[in-house]
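Protein chains: 2
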Amino acid sequence: MTAVLGIDIGGTKIAGGIVTDKGAVLGDQTVPSRAKEGRDAVLGQLSILIGNLTAQATEDITAIGIGTAGEVDPGRGAITSATDNIPGWTGTPLAEICRREWGLPCSVDNDGNAAALGELWFGAGRDFHYFVYISLGTGVGGAVIDGGRLLRGHGNFAAALGHTTIDYGGRSCNCGSTGCLETYVSGTAVTALARELGAADSGRELLQKARAQDLHAQTLMEDIGRYLGVGLANFVNLFNPEAIVVGGGLGEAGDLLLRPAEVTMNQRVLQGLRGRTRLLATALGNRAGFMGGAVLALSSLGRARP
Amino acid sequence: MTAVLGIDIGGTKIAGGIVTDKGAVLGDQTVPSRAKEGRDAVLGQLSILIGNLTAQATEDITAIGIGTAGEVDPGRGAITSATDNIPGWTGTPLAEICRREWGLPCSVDNDGNAAALGELWFGAGRDFHYFVYISLGTGVGGAVIDGGRLLRGHGNFAAALGHTTIDYGGRSCNCGSTGCLETYVSGTAVTALARELGAADSGRELLQKARAQDLHAQTLMEDIGRYLGVGLANFVNLFNPEAIVVGGGLGEAGDLLLRPAEVTMNQRVLQGLRGRTRLLATALGNRAGFMGGAVLALSSLGRARP
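Residue numbers (my numbering), protein chains in the order written: chain A, 1 to 306; chain B, 307 to 612.
Isolated chain A (complex conformation):
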């Protein structure tokens, strides 16, 4: 049995786990991210987290894999650009820092790619070779698996799923564009909308109310599902996946969100593709990130998908 560490570095939390090559989690830990304090604070947290997990492990840890917010050059394991979530993060040679401190092989990719690989090996993507993973969190991210392999694009920037325009004259996005999918279906957008309409004070509350059959909350969830369906139809027509896996905080809504999304998606895709793409909730939930980090580590050791 091989055991590795998988780490997920985000703007709101940092999580890590001891993961075997069969996908068993032997231990894990999550801490609130000190991202706002900048790069050194995050590197400090990372060091403590890896230390804790290593101390806790009963198996030898043979590699470390990290999925992180920001764009990554996976060859160098360095951050090539980042949003303001983690000040100073751009340029950080994360793999090198980690290798130097822990003396282990260390691989790094962006968090969307990592989570998709986590679902591909150990989660809702297990049965597929072509799938899209979309994460509805603070922002909307994700990744595309085509023939078992990540769609990376020239600079590993591909699959910015949240920043596809679905309404060119629509809502302003903090990326500078208008009508991005993210402005309709991110946790941030949904919370703002729920407050504006007096339906709920948070995404979580909205979800609770919708589950308790509050009509106002249910209607709003359906609207959000329909927006999501417009975006998913684009992804079906562009990537022709076998399945789309929806993760992130809002992904926890499950059928409340996915059923209206599926109806809209199938109304809008090309005729030959109608009803041919499965729409699934994440199987790994908020573990997808660090499980994906573990996949990066296992891949670097030459392990293949189980």
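Incorrect hints may have been included.
Said to hold, decoys possible - Example chain B residues on the side facing chain A (calculated, C-beta under 8 Å, incomplete):
1) 364
2) 367
3) 461
4) 503
5) 544
6) 548
7) 572
8) 576
9) 578
As the list claims (entries may be wrong) - A short list of chain B residues far from chain A (calculated; beta carbon distances all over 10 Å):
10) 332
11) 452
12) 464
13) 484
Think of the hints as simulated: they come from the structure by calculation, not from any bench.
No residue lacks a Cβ here, since even glycine has one placed at the ideal position from N, Cα and C.
Assemble chain B onto chain A, guided by the hints.
Just chain B now, kept in the frame of chain A:
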């Protein structure tokens, strides 16, 4: 030197050429397509065209490759679905028919994939490993090359570039959805719009007038360019290509269309991608299709991209 036949079967024309492994065209022929008369009429034309080209060739022809309208299973070389452009086309085992009649290896793919491969090997994509080819013809099609390889998706349906929504409440598309890019930038859409606004009677006339600095025509071309830019921004954010190559009849507009498209594209893409994607006109023009057919044939012989 190896010579092959490349064929391009479309709804309006059927074209073919004798092409060498270096991309030289030793002879070619184009005829108006009898697509409306259905499958057998098209197969008859195909047979005559291949006969003409074979008779004309001074080199041995060693393989045939065909790009065709409709969706294709490239493994079997059969049409899996088609629009009404060619009645009866769905199900046609094109590679098998061709092999039986001519006794040569025969490969088939859809016309978007073929044209993209043509540009990749011998045209505007020569210097790139990551690029998007978009064809603005009667409809809007295309293909995506990621790391030198076609993005196919699960059923070879990927990269239906014309059927991405850029305005979910927008114009009705004949695919059944609304606000598809195709409804803004196809030759059909542009002609309809030019007539409606009294700017010109055809796409060709619109182009001539814009070139002659007719203000009305110029303004309309800029509007179309901006719509195109919205779609291209989506493709940059999703595929992160080094370049986008624009072909098809409307692609002949060149800078008149591409410059406003480029401005809009760079306004809308993620910050890290601004100014980093080249926007190029097709280098092969209406030869892209049969040159791409030739690439299918050369690939089937084990030839690599020059």
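How the hints compare with the structure:
1. 364: 40 Å, violated
2. 367: 32 Å, violated
3. 461: 6 Å, holds
4. 503: Violated. Min distance 19 Å.
5. 544: 6 Å, holds
6. 548: 5 Å, holds
7. 572: 10 Å, violated
8. 576: This interface hint holds because 6 Å falls under the 8 Å limit.
9. 578: 4 Å, holds
10. 332: Holds, since 34 Å exceeds 10 Å.
11. 452: It is violated; residue 452/B is separated from chain A by about 6 Å at its closest Cβ, not greater than 10 Å.
12. 464: 4 Å, violated
13. 484: Per Cβ check, residue 484/B is inside 10 Å of chain A; nearest 8 Å; violated.
The structure fails hints 1, 2, 4, 7, 11, 12, 13 (numbered hints given earlier, in ascending order).
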